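S.K.: With the hints as extra help, turn the sequences into a complete structure.
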Amino acid sequence: MTGKPIVQFQNVKKSFDELEVLKGFDLDIMPGEKVSIIGPSGSGKTTIIRMLMTLEKPTDGEIIVDGQNLWHMESNGKWVEANEKHLSKIRGNIGMVFQHFNLFPHMTILRNCTEAPVHVLGLNKKEAEQRAKQMLAKVGLAEKEKNYPFQLSGGQKQRVAIARALVMQPKVMLFDEVTSALDPELVGEVLRVIKDLAEQGDMTMILITHEMDFAMEISDRVVFFADGYLTEEGPPEELFNNPKSDRLKSFLQRFSKV
Amino acid sequence: MSAAEIVEVLSRGVTVTVSLMLVSGILALVVAFVAGLSRVSGLKIVRFLTTVYVEFFRGTSLLVQLFWIFFVLPQLFGIRLDPFMAGVITLGLNYGAYASEIVRGSILAVPDGQREAAVALNMSKTQRMRLIILPQALRTMLPGFGNISIELLKATALVSLITLQDMMYLAQNLRAADYSLSLKVFGILLVMYFVLALPLIVLSRYLEKRASRGVANT
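Protein chains in written order, with my numbering: chain A, 9 to 266; chain B, 412 to 629.
Rather than coming from a laboratory, the hints here were simulated on the basis of the structure.
There may be inaccurate statements among the hints.
[Said to hold, decoys possible] The calculated lysine-lysine pairs, modelled on BS3-like cross-linking and capped at a C-alpha distance of 30 Å, are:
1. K536(B) - K86(A)
2. K21(A) - K455(B)
3. K179(A) - K536(B)
4. K536(B) - K93(A)
5. K620(B) - K154(A)
6. K65(A) - K536(B)
7. K455(B) - K65(A)
8. K565(B) - K620(B)
Nothing here was measured: the structure is a model prediction, and the numbers come from that model.
M.R.: Pasting the structure below:
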C-alpha cells in the first residue's frame, strides 16, 4: 500500500438546503486499503460514499479518483463542472452495494448480473454470463441464477448485489450499511462474503458499518465521523481500544452497552 | 322496426367506431409516451411545453376541441381534414394527454434506489430508462391504459357530430326518422357499446392482476 492514493477527498463539504451535513474533511485512501467509516446516524457517513458514487454532488471541495477530478473537468482550458460523460468515465472505477440491495425486480438473478456488463462494458452475452456465474459462485448463490429477486431472502439478495457489483470489476467498492436492513440471523452470511473479498483482494474497499467487531476485523483503518467532521482516524485496534476524543469514547461506550 | 333490424342498421357503424378507436388509440399511446417522458425530462423548457399541452387538452372540452379541429382549422388556416382524421387527431391528442399522466406517474413510482443502482453500474441515462425504469413502470401503466381505452371507445360517439357515420350517428338517424323508436334504439346502442368494451374490460382486469406480480419492493 504505497504510492498515490486512489481516492482523495479535499475539503469536501455537503449541505442539504440549510442543513450542513459535512463541514469540510480531508481523507486519502490508498489502493487496496480497507477503510471503515463509523459514526452516529446523521453524521453524513452515507453521503460521503454517495458523493464518490456520483449520486450526490458535493457543495464544495474536490474528490479525486485515481488522479482525476471527479466533479470538475477541464474544458477549453477552463475548469468547469463535470458533465455526464466525464462522470461516467470515472464512475467505471467504482462499484457500490446498497443498504436496501436495489436489485432489479424484473430480471432473473443472472440477468441482474449481466445487464450492465453487456450494455455498459460491451461484453457479449456469453462472456458476461460466464463472469456473472463465476461471481455468483463466489458469493455462494450459483444455484439461484434462474430465480427472481423476490424469491430470495434478504441475505441472499445482498450477496447477489455484491456479485452484481463485482462483475463490473471496479477498483473501489463501496458498502453502504449493507447489513442494516437484514434480519440478525442473515447478517453473518453477508459479512463472510465481504470478509473473503477483503482477504483475497487488492480491491479498495470503503465500508459504512455499525458492525464494530467486523470493522475491527477487516479494516486497515477506521475513520470516525461526528457532527459533520472527521473526528478521529487510525488503525482499528488503536481507535477502538484507545479512543482519544470524548466524542468517540461516548460513541463506543453506547455500542458496548448494547 | 324490429330489434333485429335496428341492430342490423347500427352494425354498419361498428367498423367506423372500432377503427376510430384503434387508430386514435395508437396515436394516443405514442403521444402518451412522448409527452410522459418529456414531463420527466431534465430540460425545463421541454417539461414546461409538455405541461402546457397536457393541461390544455385535459382542461378543455373534448367536444369543443373536436369542433375546433373540424370547423375552425379550415377557416383559420385552410387546413381541411376529413372527419375520420379530425376524429383520430382530436381523440389521440386528448387521450394521449390523459395517458401521459399515467406514463409520468408510473415512471416516478419506480423507487429511486433502482435509478441509483443503475448509476452505480455506470449505465447511461438512456440505458437507465430503457433497461431499468421503463420495464418496471410499464407494469404499473397497463391497468391505467386498459381503463383509458374503454373511455376512448365511448368517447368515439362524439364524432357523430362531425358527420362521421359511426354507431351513434346511425342511431340518431333512426331516431330522427321515428321518435317512437328512441327507447329501443338507444337501449340497443348501450348494449352494443358494452359488447365492444367487454374485451377491453376483460383485458384490463387481466393486466391488473398481472401488474401486481413481479414488482417487488427491491
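S.K.: Now tell me, hint by hint, if it's right for this structure.
M.R.: Verification of the hints:
Between K536(B) and K86(A), the direct Cα distance comes to roughly 26 Å. Compliance with the 30 Å bound is thereby established for this hinted pair. Straight-line distance between C-alpha atoms of K21(A) and K455(B) comes to about 28 Å, which keeps the hinted pair within the 30 Å bound. Our distance criterion of 30 Å between C-alpha atoms is met by K179(A) and K536(B), whose separation comes to about 23 Å. Restraint check: the Cα-Cα separation between K536(B) and K93(A) comes to about 10 Å, which is no more than 30 Å; the hinted pair holds.
About 23 Å separates the Cα atoms of K620(B) and K154(A), which keeps this hinted pair within 30 Å; it holds. Under the criterion of a C-alpha separation no larger than 30 Å, the hint pairing K65(A) with K536(B) is consistent with the structure, at around 17 Å. Of the pairs offered as hints, the one joining K455(B) and K65(A) holds, with about 20 Å between alpha carbons and a cut-off of 30 Å not exceeded. Taking the CA atoms of K565(B) and K620(B), the gap is about 24 Å. The hint holds against a cut of 30 Å.
The structure shown violates none of the earlier numbered hints.
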